[in-house]
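Q: If you want the building blocks of each chain, they are given just below.
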Amino acid sequence: MDDVEGSDLREGDDGGLNRKKVKKEKRDKDVLPSMIKNKEKRSAVHAKLKHQKKVEKRKRTKARDAEEKRALELGEEPTPRKVPKTIENTREADETVCQPDDDELFAGNDTDEFSSILRQDVTPKVLITTCRFNSTRGPAFISELLSVIPNAHYFKRGTYDLKKIVEYANNKEFTSIVVVHTNRREPDALLIIGLPDGPTAHFKLSNLILRKDIKNHGNPTGHKPELVLNNFTTRIGHRIGRLILSLFPQDPNFRGRRVVTFHNQRDFVFFRHHRYIFETKEDKQAQTKTKAMKDSKGEGISKEKVIARLQECGPRFTLKLISLQHGTFDSKGGEYEWVHKAEMDTSRRRFFL
Amino acid sequence: MPRTTTLECSGCPPLRALTFDVLGLIKVVEARDKPGEGCVPKVVDRWGDPDSSRCVLAASIDDRSSRPLLAVARSSGKIDLMNPLNGQSHAEISIGEDGRNDDDPVVGLHLFRKTRTEKSRSYTIFTCTTKGNAIIQSYEVADSIEEASSSNKWNVCSMGSISFCKVEANEEYAVVGGKGVEISVWNLEKCLRIWNAKSPPKDSLGIFSPTWFTCGTFLCKDDHRKIVAGTNNHQVRLYDISAQRRPVISFDFRETPIKAVGEDLDGHTVYVGNGSGDLASFDMRTGKLVGGFTGKCSGSIRSIVRHPNLPVVASCGLDRYLRLWDVKSRQLLSAVFLKQHLNGVLFDSNFSCEEPTQPAPDPPVQEAHGTTVVTSSDDDEVTETKKRKKVRVDENGDKKGKSRDKSGKSTRKRRGVPKE
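Each protein sequence line maps, in turn, to chains A and B. Counted from 1, the first sequence has number 55 at position 55 by the numbering used here; the numbering is strictly sequential. Counted from 1, the second sequence has number 318 at position 318 by the numbering used here; the numbering is strictly sequential.
By construction, these hints were calculated from the structure, which means they are not laboratory data. Accuracy of the hints is not assured; some may be wrong.
DSBU-like, lysine-lysine: derived pairs with alpha carbons at most 30 Å apart [as the list claims (entries may be wrong)]: (1) Lys131(B) to Lys172(A); (2) Lys226(B) to Lys198(B); (3) Lys190(B) to Lys221(B); (4) Lys54(A) to Lys85(A); (5) Lys172(A) to Lys42(B); (6) Lys341(A) to Lys42(B); (7) Lys221(B) to Lys341(A); (8) Lys332(A) to Lys179(B); (9) Lys332(A) to Lys305(A); (10) Lys332(A) to Lys42(B); (11) Lys85(A) to Lys166(B); (12) Lys131(B) to Lys164(A); (13) Lys125(A) to Lys164(A); (14) Lys164(A) to Lys221(B); (15) Lys190(B) to Lys332(A); (16) Lys332(A) to Lys131(B); (17) Lys320(A) to Lys226(B); (18) Lys281(A) to Lys69(A); (19) Lys288(B) to Lys332(A); (20) Lys39(A) to Lys50(A); (21) Lys163(A) to Lys179(B); (22) Lys39(A) to Lys62(A).
Non-contacting residues of chain B with respect to chain A, defined by C-beta distances greater than 12 Å in every case (computed) [what the hints assert, rightly or not]: (23) Asp33; (24) Asp104; (25) Glu171; (26) Asn196; (27) Asn232; (28) Pro257; (29) Asp266; (30) Ser281; (31) Leu289; (32) Arg302; (33) Val305; (34) Pro308; (35) Gly317; (36) Asp326; (37) Val336; (38) Leu338.
From the three backbone atoms N, C-alpha and C, an ideal C-beta is built for every residue, glycine too.
Chain A on its own, in the form it takes in the complex (with noise of 0.2 Å):
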């Protein structure tokens, strides 16, 4: 660009050598970095590029700022932001989002499996067993599950069958089991199984970072924990919604300030357990402002805000469907209401939760 207003301000004294100029400013345009092949001009020219475009960006940024600051002091609106385009938010279209003012949805609601516990007419009693062979990090795992899970309680899994267990389970009123499969001595599947004819989601398991191994994280109390759903929004994506919504009591212990979070991000479910604390502090733009009326005056009054502070006290996981099948475990004669296909993934921007 330089080279070019050289150029431009040349103009006049020297036709030849302008014309050259052109010249040599054309090839440079046509040639791309990746094009070169000596790679010590290739890399020399892919800085230069990228710098320009750095500074350039620089400078917009500076101009959007100006104007909107601008803006602010006219006691105009500014100009709004631009949304960046994420692959979230530029997601296929997808008929099965359910609507607020679809009447079948919510008579499908109070009908189906959990209606019963999120009418809190019974209370949830969750039994956590394991696949066969479990250690290490399993145990743990689930150590840190019991102590999210209100009313849960660890079995051994033996050598029953679950459907054997899921018998026993029927027969002692729990309402629903939680599987924790291993491999290699690390979680890697979570079966969740409605009772007594709930479905059952197959989960697999990732990312686990266990309490211990989170910085400064908090022990929770014994409270009952606050839920937060985010992102469940297709037909399939409510019903696990609501699946994971009846482990959890339905009337949460708010002076507890405990929050289990499952949040939904293109068909990964971030599983996160928080302790949150308000807390009043000084503001410190009044701050400032005070200090400035006390230089001019000698007198302030000191503002407080409240600020809400959050610990994570563990653990961190996350899930990703695989399969939910209609009706309680059955490997072999189970019917699936959803199984992920290859033949789904059409696109990277299609979700189906």
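Based on these hints, arrange chain B on the given structure of chain A.
A: Below, chain B alone, put in the same frame as chain A:
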């Protein structure tokens, strides 16, 4: 820019389908030709209110060009008779005089076409329950009084539970089978078992797989001797009554239980759907796979129906979609999202889209005579339907000349060309 891939749906020929779901709703899906837009099936009507106790278990349609009738079995033990054109309920009957309970739901329902003639206003219904109680019951309509004129009851199995029951096209024979119940063919006139299957021999390891049929159908329209059945351990079997009691052909299909089989019109092709949403067509002369239907179908298939005239197959199931496929190319023509788990689908073969939709004008409701309505049910909640039915019956019975003529004409007009 995001790359989006949309499923290329070429659209389907004009057709009309009825779907039945677990909330007891009946949805009418119609595809009509519109210039410029192509033919995209849409939900045009919804009958009934969402109520899980009215979950549809089975349905049967008599889609003749005049006076079509639709029978729908609900999980509450009632059978609804309605007009498949506008969803108007004719009658609600409960089969068996003893109040039927929840643990014996209906699995098979058939509305006889043969006995329903133009003149006599009677209809015959065949039902079969999980415990094997088969009933053929005729209802007579005479002078606005509806009564069960004759009924035939028998038991089709002594133990186990029935999971499917199909009546052949000529309505002489029915096939039943289920969990722990070998396939048997029954003569409906005499209520006699004419044939029953024998379980296949133990395999090379000496392992006997327990009998568990999940679905089945007659292979051809005019032959009651060939039966195709799907089992819970993902086997498809062909039985030939005239040949032997063991399956003639038996082959595996994928890994999950077969949940639906549907026969083609050509008499040798069957469509097989399983519990994980795979759909494929097989040639039963050789037992070879013709091809699979691929189209992101993710939930168990509950029902497969071939259109009687057009080269279209419909499938529906737990993924809440009604999917329409081309028979020859096996491509997905269209998919309609219907919000609920679907239990069944039926085609209305007399539909043609030339006329604009206009529900058949109902003749004005007149005051009914002082006759009492007799139905086998005595619930309070059905009084309204009873009343409506009474009026309708009345109008049909008494004013047959006028109103019949009018409505008949309008029906014919709306439905276009009758079946050839």
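Q: Would you mind marking each hint as holding or not holding in the structure?
A: Right, here's what the structure says about each hint:
Under the criterion of a C-alpha separation no larger than 30 Å, the hint pairing Lys131(B) with Lys172(A) is consistent with the structure, at around 29 Å. Restraint check for Lys226(B) and Lys198(B): the C-alpha separation of about 15 Å stays at or below 30 Å, so the hint holds. As the CA atoms of Lys190(B) and Lys221(B) are separated by approximately 21 Å, the hinted pair is consistent with the 30 Å bound. Distance restraint check for Lys54(A) and Lys85(A): the Cα-Cα separation of roughly 20 Å lies within the 30 Å cut-off, and the hinted pair is therefore satisfied.
In summary, the hint linking Lys172(A) to Lys42(B) is not supported, as the alpha carbons are separated by about 47 Å, beyond the 30 Å threshold. The hinted pair formed by Lys341(A) and Lys42(B) meets the criterion: a straight-line CA distance of about 27 Å does not exceed 30 Å. Between the alpha carbons of Lys221(B) and Lys341(A) the distance comes to roughly 35 Å, so the proposed pair goes past 30 Å and is violated. Straight-line distance between C-alpha atoms of Lys332(A) and Lys179(B) comes to about 15 Å, which keeps the hinted pair within the 30 Å bound.
For a cut-off of 30 Å, the pair hint linking Lys332(A) to Lys305(A) is broken: about 59 Å separates their Cα positions. As the CA atoms of Lys332(A) and Lys42(B) are separated by approximately 36 Å, the hinted pair breaks the 30 Å bound. Simply put, Lys85(A) and Lys166(B) have alpha-carbon atoms about 54 Å apart, too far for the 30 Å limit, and the pair is violated. In summary, the hint linking Lys131(B) to Lys164(A) is supported, as the alpha carbons are separated by about 25 Å, within the 30 Å threshold.
Under the criterion of a C-alpha separation no larger than 30 Å, the hint pairing Lys125(A) with Lys164(A) is consistent with the structure, at around 18 Å. Between Lys164(A) and Lys221(B) the alpha-carbon distance is near 44 Å, which puts this suggested pair outside the 30 Å criterion. Between Lys190(B) and Lys332(A) the CA atoms are separated by roughly 39 Å; this puts the pair beyond 30 Å, and the hint is violated. At most 30 Å may separate the alpha-carbon atoms for a hinted pair to count; Lys332(A) and Lys131(B) meet this at roughly 24 Å.
Simply put, Lys320(A) and Lys226(B) have alpha-carbon atoms about 45 Å apart, too far for the 30 Å limit, and the pair is violated. With a C-alpha separation of about 27 Å, the suggested pairing of Lys281(A) with Lys69(A) holds against the 30 Å cut-off. Annotation: proposed proximity of Lys288(B) to Lys332(A) holds, straight-line Cα distance about 24 Å (limit 30 Å). Taking the CA atoms of Lys39(A) and Lys50(A), the gap is about 16 Å. The hint holds against a cut of 30 Å.
Between the alpha carbons of Lys163(A) and Lys179(B) the distance comes to roughly 18 Å, so the proposed pair stays at or under 30 Å and holds. A threshold of 30 Å between alpha carbons decides the hint, and for Lys39(A) with Lys62(A) the separation of about 34 Å lies outside it, so the pair is violated. With a least CB separation of 22 Å from chain A, Asp33(B) remains clear of the 12 Å interface cut-off, as annotated. Against chain A, the non-interface label of Asp104(B) holds: every CB pair exceeds 12 Å, the least being about 18 Å.
A cut-off of 12 Å between C-beta atoms confirms that Glu171(B) is not in contact with chain A; the least separation is 31 Å. Annotated as non-interface, Asn196(B) keeps its C-beta farther than 12 Å from every C-beta of chain A; the closest such distance is 23 Å. Not every CB of chain A is more than 12 Å from the CB of Asn232(B) (nearest about 5 Å), against its label as outside the interface. With a closest Cβ-Cβ approach of about 5 Å to chain A, Pro257(B) is found to fall inside the 12 Å limit, against its non-interface label.
Under the 12 Å C-beta cut-off, the non-interface status given to Asp266(B) relative to chain A holds; the minimum distance is some 28 Å. Here Ser281(B) stays apart from chain A, with its beta-carbon at least about 17 Å from theirs, past the 12 Å limit. The beta carbon of Leu289(B) is kept farther than 12 Å from every beta carbon of chain A, the shortest such distance being approximately 17 Å. In this structure Arg302(B) is not separated from chain A by more than 12 Å, as the shortest Cβ-Cβ distance comes to only about 8 Å.
With a minimum CB-CB distance of about 19 Å to chain A, Val305(B) clears the 12 Å threshold, and the non-interface call stands. Here Pro308(B) stays apart from chain A, with its beta-carbon at least about 28 Å from theirs, past the 12 Å limit. With a minimum CB-CB distance of about 8 Å to chain A, Gly317(B) fails to clear the 12 Å threshold, and the non-interface call is violated. Non-interface status of Asp326(B) relative to chain A is upheld: no Cβ of that chain comes within 12 Å, the nearest being about 17 Å off.
Not every Cβ of chain A is farther than 12 Å from the Cβ of Val336(B); the closest lies at roughly 9 Å, contradicting the non-interface assignment. Not every beta carbon of chain A lies more than 12 Å from that of Leu338(B), the smallest distance being close to 9 Å; the non-interface claim is violated.
In summary, the structure is inconsistent with hints 5, 7, 9, 10, 11, 14, 15, 17, 22, 27, 28, 32, 35, 37, 38 from the numbered list given earlier, while agreeing with the others.
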